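Following the hints, put chain B in place on chain X, whose structure we already have.
Listed here are the chains, written in short residue letters.
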Amino acid sequence: MAPSSDSAKPLWGWLLAELGVGAAALFATGLLSTEVQHVARIASACAVLAGLVSFAAVFAGFARGTNGLFAGIGAGFFARMLLLAAGLVGSHARGEAALAYAFTFFAVFLVTQSIEIAFVLSRARRSHSADAS
Amino acid sequence: MTDGAQGKDPRTSIASAYQKAGPYLSASWQLTGSVGLWTAVGYFLDRKLHTSPWCLLAGSLLGLSLGFYLFIRAVLALGSKEKADASGGGDGSLKR
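Residue numbers (my numbering), protein chains in the order written: chain X, 1 to 133; chain B, 1 to 96.
Everything labelled a hint here was simulated from the structure, so no lab data went into it. Worth double-checking, as some hints may not be accurate.
[Unchecked claim] Computed, partial: chain X to chain B, Cβ under 7 Å:
#, residue
1, Ala23
2, Ala93
3, Ala102
[What the hints assert, rightly or not] Here are a few chain X residues that sit away from chain B, every Cβ distance over 12 Å (derived from the structure):
#, residue
4, Gly13
5, Leu16
6, Leu19
7, Ala24
8, Leu26
9, Ala118
Remember, predicted model here, so these are calculated numbers, not experimental data. Where a beta carbon is used, it is the ideal one built from N, C-alpha and C, also for glycine.
The following block holds chain X by itself, in its conformation from the complex (with noise of 0.2 Å):
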């Protein structure tokens, strides 16, 4: 079941979520202290781009079976992995500001993890139905 290009349509109001989480995100950080408001901005910036790239691998991966989505969330975490690491090196954080990097990437994390697992569920209730009618 390749993604034909009726259900590219929908694809956008995905990405758009994810996008707008990290637009929230960015937003909510003007709600935090100066001394850490760097570190959040980093942070969020980092797990929605790890997010996109996680979106995108689960995206590929779904269309080759269950083996493929696999794949792709084990990419998408490799992602993450990556760019927590990066950023908070990155952005040199260090004590209650590391602790506010982890807090804001952990937090954007979820929210687009969710969204993931909301579109994978959306997806496979879709075939399922297709399959049986």
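Chain B alone, transformed into the frame defined by chain X:
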């Protein structure tokens, strides 16, 4: 309760949705818990050993890995349970 010919009771469909989403929510919470726990352990080790941010980074990566392992294991167990339900018959709700 109006279970019968009058149509679906909204309370029943909400309960059913929660029932279906429950295992996925629990798998997600395992991931969250593991990440939170190991990140906190890393942070406190950093404070004790003055190694910031390396223990926090190691704890985060460990928590992420462990959380993903638990998450994938839970999803696989869920998939095999659904498959077993579908092959063995059941109540007819959301079968693969």
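Practice task
Beyond 12 Å from every chain B Cβ: check whether that's true for glycine 13 (chain X).
Solution key: holds (20 Å)
Handout entry: Nearest-CB test (12 Å) between chain B and leucine 26 (chain X)
Key = holds (21 Å)
Practice task
With a cut-off of 7 Å on the beta carbons, see whether alanine 23 (chain X) makes it to chain B.
Solution key: violated (23 Å)
Handout entry: No chain B beta carbon within 12 Å of alanine 24 (chain X)'s
Key = holds (19 Å)
Handout entry: leucine 19 (chain X) and chain B, when compared Cβ to Cβ, separated by more than 12 Å
Key = Per Cβ check, leucine 19 (chain X) is outside 12 Å of chain B; nearest 22 Å; holds.
Problem - Minimum Cβ-Cβ distance from leucine 16 (chain X) to chain B exceeds 12 Å - result: holds (22 Å)
Practice task
Verify that the Cβ of alanine 118 (chain X) lies farther than 12 Å from every Cβ atom of chain B, and report whether the claim holds or is violated.
Solution key: Alanine 118 (chain X) not clear of chain B: closest Cβ-Cβ about 10 Å, inside 12 Å.
Handout entry: Proposed interface contact between alanine 93 (chain X) and chain B, which counts if any beta carbon pair is under 7 Å
Key = holds (6 Å)
Handout entry: Given hint alanine 102 (chain X) near chain B, where the shortest CB pair must fall under 7 Å
Key = Hint on alanine 102 (chain X): holds, closest Cβ of chain B at ~5 Å, below 7 Å.
The structure fails hints 1, 9 (numbered hints given earlier, in ascending order).
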